[in-house]
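Peer 1: In case you want the letters, here they are:
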Amino acid sequence: MSAVPQAEMAARLARWQGQRQLGLYRDDGPLARFLGSALGGFAKLPPLALVLVGVAGVIALAAIEGDGASDAAVAIGVAWLVLWAGPAAGRPYDDSVAWAVPAVLRVGEYGGLIWIAACAGGSSSAAAFALVAALAFRHYDLVYRPRFLGVSPAGWLAVAGGGWEGRLIVVTLLLLAGALPAGLFIMAGALGVMFLAESVSSWGHAPDTTVSSYEDEEDEGD
Amino acid sequence: MSGNLTTAVLMATAAADDGGSAAALPWEGGIVLDRALAQVGGFGLADVRVITRPEFEAALRESAERAGATLHVCDNPGEDLAEIAEIASSADGGLVLAVADLIVHRSALEGLLVNPSIVTGVLATGIGSGGVFGFRGRNQRGRLVSAASAYHSLAGAKMTCLGVLKVSGAENDALVETARELAEIMSGPLPGGWEREFESKQEQWRLALGRLALKAERWAAREALDAAGRSSEELPPLEPEEYTRRRRELALSLPPQQDLDFRLRTAAIREDVVSLILVGLIRRSVHMGAIYVRGFFWSRALSRSAIDRAALAYEEADEEKVLLKSAVKGSDGFFTTFFVSTWSRYLARWAARIGLTPNQVTVVSLCVGIAAAAAFATGERTGYVIGAVVLYLAFVLDCVDGQLARYTRSFSKFGAYLDSIFDRSKEYIAFAGLGIGAGSAEVWVLAAAALTLQVMRHSFDFSFGATDRQSIAETEQPPVTQAPDAGLAHTRMKARGTLEPRLGALEERPPSEAELREAAEDADDDGDEEERTLLQRILGGWRLLNRIPGLIWVKKMAAFPIGERFAVICVTVAFFDPRTSFIVLLSWGGFALLYTSAGRALRTLIRLRAAR
Numbered sequence: 001m002s003a004v005p006q007a008e009m010a011a012r013l014a015r016w017q018g019q020r021q022l023g024l025y026r027d028d029g030p031l032a033r034f035l036g037s038a039l040g041g042f043a044k045l046p047p048l049a050l051v052l053v054g055v056a057g058v059i060a061l062a063a064i065e066g067d068g069a070s071d072a073a074v075a076i077g078v079a080w081l082v083l084w085a086g087p088a089a090g091r092p093y094d095d096s097v098a099w100a101v102p103a104v105l106r107v108g109e110y111g112g113l114i115w116i117a118a119c120a121g122g123s124s125s126a127a128a129f130a131l132v133a134a135l136a137f138r139h140y141d142l143v144y145r146p147r148f149l150g151v152s153p154a155g156w157l158a159v160a161g162g163g164w165e166g167r168l169i170v171v172t173l174l175l176l177a178g179a180l181p182a183g184l185f186i187m188a189g190a191l192g193v194m195f196l197a198e199s200v201s202s203w204g205h206a207p208d209t210t211v212s213s214y215e216d217e218e219d220e221g222d
Numbered sequence: 001m002s003g004n005l006t007t008a009v010l011m012a013t014a015a016a017d018d019g020g021s022a023a024a025l026p027w028e029g030g031i032v033l034d035r036a037l038a039q040v041g042g043f044g045l046a047d048v049r050v051i052t053r054p055e056f057e058a059a060l061r062e063s064a065e066r067a068g069a070t071l072h073v074c075d076n077p078g079e080d081l082a083e084i085a086e087i088a089s090s091a092d093g094g095l096v097l098a099v100a101d102l103i104v105h106r107s108a109l110e111g112l113l114v115n116p117s118i119v120t121g122v123l124a125t126g127i128g129s130g131g132v133f134g135f136r137g138r139n140q141r142g143r144l145v146s147a148a149s150a151y152h153s154l155a156g157a158k159m160t161c162l163g164v165l166k167v168s169g170a171e172n173d174a175l176v177e178t179a180r181e182l183a184e185i186m187s188g189p190l191p192g193g194w195e196r197e198f199e200s201k202q203e204q205w206r207l208a209l210g211r212l213a214l215k216a217e218r219w220a221a222r223e224a225l226d227a228a229g230r231s232s233e234e235l236p237p238l239e240p241e242e243y244t245r246r247r248r249e250l251a252l253s254l255p256p257q258q259d260l261d262f263r264l265r266t267a268a269i270r271e272d273v274v275s276l277i278l279v280g281l282i283r284r285s286v287h288m289g290a291i292y293v294r295g296f297f298w299s300r301a302l303s304r305s306a307i308d309r310a311a312l313a314y315e316e317a318d319e320e321k322v323l324l325k326s327a328v329k330g331s332d333g334f335f336t337t338f339f340v341s342t343w344s345r346y347l348a349r350w351a352a353r354i355g356l357t358p359n360q361v362t363v364v365s366l367c368v369g370i371a372a373a374a375a376f377a378t379g380e381r382t383g384y385v386i387g388a389v390v391l392y393l394a395f396v397l398d399c400v401d402g403q404l405a406r407y408t409r410s411f412s413k414f415g416a417y418l419d420s421i422f423d424r425s426k427e428y429i430a431f432a433g434l435g436i437g438a439g440s441a442e443v444w445v446l447a448a449a450a451l452t453l454q455v456m457r458h459s460f461d462f463s464f465g466a467t468d469r470q471s472i473a474e475t476e477q478p479p480v481t482q483a484p485d486a487g488l489a490h491t492r493m494k495a496r497g498t499l500e501p502r503l504g505a506l507e508e509r510p511p512s513e514a515e516l517r518e519a520a521e522d523a524d525d526d527g528d529e530e531e532r533t534l535l536q537r538i539l540g541g542w543r544l545l546n547r548i549p550g551l552i553w554v555k556k557m558a559a560f561p562i563g564e565r566f567a568v569i570c571v572t573v574a575f576f577d578p579r580t581s582f583i584v585l586l587s588w589g590g591f592a593l594l595y596t597s598a599g600r601a602l603r604t605l606i607r608l609r610a611a612r
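Protein chains in written order, with the numbering used here: chain P, 1 to 222; chain Z, 1 to 612.
Rather than coming from a laboratory, the hints here were simulated on the basis of the structure.
All of these numbers come straight from a predicted model, not from anything done at the bench.
Mixed in with the good hints, there may be bad ones.
Claimed, not checked - Just some of the chain P residues that point at chain Z, by a computed CB distance under 7 Å:
#, residue
1, G23
2, L24
3, A103
4, C119
5, A128
6, P146
As the list claims (entries may be wrong) - Simulated coverage check for chain Z against chain P, where a stretch passes if three residues somewhere in it have a Cβ under 8 Å from a Cβ of chain P:
#, stretch
7, 188 to 197
8, 417 to 430
9, 444 to 453
10, 459 to 465
11, 597 to 608
Claimed, not checked - What follows is a set of in silico ranges between Cβ atoms, one per label pair, in the way DEER data are often shown:
#, chain 1, residue 1, chain 2, residue 2, range
12, P, S202, Z, L535, 40 to 46 Å
13, Z, R496, P, A63, 32 to 38 Å
14, P, L45, Z, G379, 34 to 40 Å
Even for Gly, the Cβ is constructed at its ideal location relative to N, Cα and C.
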């Protein structure tokens with residue numbers, strides 16, 4: 001009977017899909033991907049460990065330095081995060097705690113942005129809220145669009161959006177150039193419009209069927 | 001057109017007490033089959049087939065022809081399966097396979113057949129409401145991972161499958177192959193252990209009926225005492241040994257009514273191929289969903305008296321009322337259940353009457369949410385209070401759209417997407433309004449932090465769910481020839497070194513521990529108690545706590561669901577200020593993060609152990 005190899009195939013497909021999904025949720029940009037392919041094999045640590053070390057470093061620095069941190073401290077914090085969590089982009093998500101990676105990465109990115117804006121002072125914090133809100137749309141869309149409409153957000157968004165590491169680096173450079181809060185507001189607007197427009201333009205093109213079935217009654221865990 | 005259902009196959013192979021077909025029992029001036037055909041016809045299926053036995057052909061032919069259905073006459077389940085494979089291989093869309101004698105509300109069927117989020121799935125009900133003979137199933141994250149048939153059994157039953165199976169066109173090949181494989185199996189000598197499994201089931205059914213008969217006997221004895229003017233307290237309670245003995249005695253010689261029921265059901269189950277195909281598809285790792293009938297009426301009658309009772313109950317059941325009630329999600333939190341759903345469903349009904357679509361309500365809800373944020377942005381006390389009331393209304397509308405969709409059975413994938421995106425938007429737009437209203441850098445930082453925390457919590461949910469679904473999908477299924485499912489096989493091999501069930505439950509012997517404890521509820525279909533690790537017992541104990549009334553609501557509140565989040569914003573901003581709102585959101589949210597993470601860490605540990 002052909003039942004066994006077929007079950008094996010289904011299992012492999014499920015594994016591939018699950019890992020691909022976690023990779024997608026990370027929202028890596030070109031730099032993280034490069035670091036992942038260049039150093040991913042070198043760093044043998046599990047992806048969650050890499051990401052945790054990176055995020056813990058930047059959050060600890062933010063807690064110690066607060067909004068009085070020097071530009072150098074900010075640059076070091078961001079570099080630390082990118083250099084640790086970036087290579088994790090190349091690691092396979094085959095261990096059973098890998099599911100924590102995207103959420104921890106979000107804390108690093110959003111937290112980093114909020115910290116940098118707080119350092120700049122003035123209305124930068126309001127601008128940081130705007131940017132984080134625009135990013136939140138992107139990150140929900142990454143989950144909801146495949147889930148409900150059966151289509152993934154366009155691949156070029158990962159490049160044009162810069163990924164989590166690209167955005168952190170740009171905002172750090174803007175801080176060094178003294179271009180906050182204007183730079184943050186412009187980024188929030190530009191990214192928000194781009195993410196939203198790409199999403200709206202895809203709404204009509206959902207395929208006829210999706211394999212997935214989401215019983216929303218089960219979604220909130222116990 | 002793989003997304004559309006095109007074909008229905010109704011199985012009219014079960015016999016009634018008069019020797020005729022159960023589908024030929026009278027129903028509302030016609031027969032049961034007329035009813036089933038009319039119901040299926042209402043879904044616009046182009047190709048309707050009825051499979052029956054030679055002795056029932058005459059009674060059903062007219063009914064089938066009148067409805068434009070094709071009648072297929074088969075001699076035995078093996079032929080049924082071959083015929084189903086033939087029909088499925090020529091179908092150019094999805095297929096519904098159902099027992100013709102199932103009497104069920106149209107709305108319940110609609111929930112399965114029209115719902116696009118269930119591509120392939122079954123109609124189901126709980127264990128308690130599934131009756132003695134119902135085929136059990138086990139689901140995880142909305143996916144059926146194991147099911148029973150006459151010859152298959154499972155560990156850890158959680159639900160009962162009702163004999164309606166919807167298979168998407170995309171799974172047509174799997175359906176054809178499954179039916180062919182099973183047809184071949186059923187036409188030869190049955191695989192090892194299948195007959196024994198069926199025998200074991202019959203013993204369990206007898207025991208379950210014996211328990212019902214014993215209850216009836218005790219009840220009658222009390223009634224007799226009452227009638228004689230004496231207190232029913234005088235009836236001494238049964239000793240466990242005596243209880244077990246009498247129950248076994250009754251199980252072996254069932255009272256006439258139960259005996260008839262037992263014979264009819266056992267015979268019908270022998271003919272049942274819907275459950276076989278269900279098991280076959282699950283064993284092929286087909287993604288099988290399930291929709292619960294919830295409050296809707298369902299019944300399978302195999303005798304004149306049963307059909308009369310069903311007809312009475314059907315008349316009494318108010319489908320419209322159940323529909324409105326079941327429009328409310330079963331899994332909502334405390335605030336949503338007690339402060340929103342109590343009246344939002346009437347709003348949903350009103351919206352349905354004036355012809356609003358769920359998506360229109362979703363859009364209106366977002367607009368109302370924006371209005372609330374604008375009121376918050378004024379930074380005045382009046383603005384805060386008005387904003388709080390308006391935000392509450394926005395949240396009510398947010399529940400109305402889903403309820404309207406379920407009430408009018410107008411499910412759409414885009415609607416689900418829009419609803420999810422707009423829900424999040426509303427929440428964070430309210431944050432922005434509060435930030436503008438407070439107008440301080442500190443509150444903006446708090447707002448951004450609250451947003452980050454919520455995104456993080458959702459992100460954990462999404463990724464954990466993805467991993468959970470992955471591990472469920474990866475679970476290797478045993479071949480359909482194996483009677484017990486993977487879990488049950490594992491326990492049996494460990495305990496007895498054989499896959500075969502233990503027989504002799506009805507033999508004379510001293511009562512076992514389990515019997516003495518008298519599993520007060522219907523035990524799992526097999527009675528095999530799964531061996532559980534310490535971790536699993538902790539998790540199980542945690543779930544058991546749900547039975548303490550009220551505690552389930554505390555547990556739900558601890559996870560800080562959407563209703564509670566909106567309520568916190570409304571109350572804190574109306575009575576205090578935006579800063580307080582964010583501090584409460586951050587504290588409660590932070591606690592919820594720890595609380596849910598602890599549970600997930602535990603489950604991850606269990607998964608790790610299982611993998612080893």
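Peer 1: Now, for every hint given, state plainly whether the structure supports it.
Peer 2: To see whether the hints hold, each was checked on the structure:
1. Proximity of P:G23 to chain Z is violated relative to the hint, the smallest CB-CB distance being about 11 Å (cut-off 7 Å).
2. Proximity of P:L24 to chain Z is violated relative to the hint, the smallest CB-CB distance being about 10 Å (cut-off 7 Å).
3. Taking 7 Å as the C-beta contact cut-off toward chain Z, the hint placing P:A103 at the interface holds, the least distance being around 4 Å.
4. Proximity of P:C119 to chain Z is violated relative to the hint, the smallest CB-CB distance being about 11 Å (cut-off 7 Å).
5. Here the hint on P:A128 is kept, as its CB sits about 6 Å from the closest CB of chain Z, short of 7 Å.
6. A least Cβ separation of about 10 Å between P:P146 and chain Z goes past the 7 Å threshold, and the interface hint is therefore violated.
7. Counting residues of the stretch 188 to 197 of chain Z whose beta-carbon sits less than 8 Å from any beta-carbon of chain P gives 0, not enough to reach three: the coverage restraint is violated.
8. Judged by the Cβ-Cβ criterion of 8 Å, the stretch 417 to 430 of chain Z is covered by chain P as claimed, because 6 of its residues qualify and three suffice.
9. With 7 residues bearing a CB less than 8 Å from a CB of chain P, the stretch 444 to 453 of chain Z meets the requirement of three and the coverage assertion stands.
10. With 7 residues having a beta carbon nearer than 8 Å to a beta carbon of chain P, the stretch 459 to 465 of chain Z meets the requirement of three or more and the stated coverage holds.
11. Residues of the stretch 597 to 608 of chain Z lying with their CB closer than 8 Å to a CB of chain P number 5, which satisfies the three-residue condition for coverage.
12. Distance hint for P:S202 and Z:L535: a CB-CB separation of about 43 Å, consistent with the stated range 40 to 46 Å.
13. A hinted range of 32 to 38 Å for the beta carbons of Z:R496 and P:A63 is inconsistent with their spacing of about 58 Å.
14. P:L45 and Z:G379 have their C-beta atoms about 48 Å apart, which leaves the hinted 34 to 40 Å range violated.
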